[in-house]
Amino acid sequence: MTRSSALIGKSIVLTGKISGREDLIVDGRIEGDIDLPENCLTVGAGGHVQGAIRAREIVIFGAVQGNMEAVEKVQIRRNARVIGDMRTARPVIEEEAYFKGNIETVRAEAPKAPPQRAQAAEAPQQPTLPNSTPSTGEARRG
Amino acid sequence: MNPSPLHASAGPPAAGLSPDARKSHGLQTLVSSMAAKANLYVLDFGGPVQENIDFITGAGHKLYVDDLLYDYDYFFSPKEQAERNFRADRVEEFIESALSFDDHVADLILIWDRLQYLPPPIAEAVVERIRRILSPDALLLSLFRTDSSGVDHPPYTSRILDSQTLLLREQPRQRPMETFNPRTIHKLFQSYGEVRFFVSRESLQEVLIRR
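Taken in sequence, the protein lines are chains A and B.
Just so you know, numbering that gives the first Met the number 0 puts 60 at position 61 of the first sequence, and the rest follows in order with no gaps.
Just so you know, numbering that gives the first Met the number 0 puts 119 at position 120 of the second sequence, and the rest follows in order with no gaps.
Quick caveat, the hints were computed from the structure, so don't treat them as lab data.
Note that the Cβ used here is the ideal one computed from N, Cα and C, for glycine as well.
There may be inaccurate statements among the hints.
Quick list of simulated restraints, FRET-style, between CB atoms [claimed, not checked]:
id, chain 1, residue 1, chain 2, residue 2, range
1, A, Glu37, B, Gly192, 46 to 52 angstroms
2, B, Glu201, A, Gly15, 50 to 56 angstroms
3, B, Val198, A, Glu37, 35 to 41 angstroms
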């Protein structure tokens, strides 16, 4: 089975939030957050994203300025330029990529069972990042 | 195809291969200090290196990655770099942009050989800011080439292969290098609590500094 991906082409400039349930390739410029919790986001070599990204997997060949969260993997490929914090099960940064930010690994999420009691929804959460560390994606400049 | 770094560290390198992998007593001491601790905040200013990311995050720590030389190149104009004339306000601005951390936030800092490639006023300002960033008694690992030949060498990419082995490979790009000896290294870190030297080969000094 082949999976099709949505494409934001080279000449497209988009401002605003993107969310969806299909893979997305960005070759243009996006200023806004991207939310694809079950899918893969690829930022092409000419692509640029300025905003927070949440996806199952994130692959970057181009430029990203913003924090990234991926349940499975974040791959920053050769010659990519990324400024922002990442939180993922598997961070991968190739030689000659530029990255500046925090890296925090998290376990890949197991399928969730339905809560048994109302209290289950209040189970301890993943520890949050200390407030004292800089949030590179938003506060730092590139 | 090059042999894997782990093979290079396992024994004498095969003929014709650069003996890049080396035992590092500085790293060994540093890793020992991290033992049985979790959720430390480690800052690596040598740029992103996959082995280092895996080693540190794999031990359950949070890692911040940046390359101070890239920051320097990006921040200062070619004219400033060529003339090596840095106004105090520009240095302060650089420090704020590259090292904007709260005080005492870092449990450990890896700066590798980066200080040797920063002009003295910048390196001194970086060292002073890092002292503020480090938590009390936290450690900083630094490398200095102390040969007196006057020949510049490119910066290293420093890879942690295991808790006591480093693989140092010279980067392709040559840069001007500041000269250091144990006395000038001591002077650079005079505001710190302790400076320990570990002898390494090829006139490379591993220096472990306690805040």
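Now for the hints, and whether the structure bears them out:
1. In this structure, glutamate 37 (chain A) and glycine 192 (chain B) meet the distance hint of 46 to 52 angstroms, their C-beta atoms being roughly 50 angstroms apart.
2. For the hinted restraint 50 to 56 angstroms between glutamate 201 (chain B) and glycine 15 (chain A), the CB-CB distance of approximately 55 angstroms keeps it satisfied.
3. Between valine 198 (chain B) and glutamate 37 (chain A) the CB atoms are about 54 angstroms apart, so this pair departs from the stated range of 35 to 41 angstroms.
Checked against the numbered hints above, the structure violates only hint 3.
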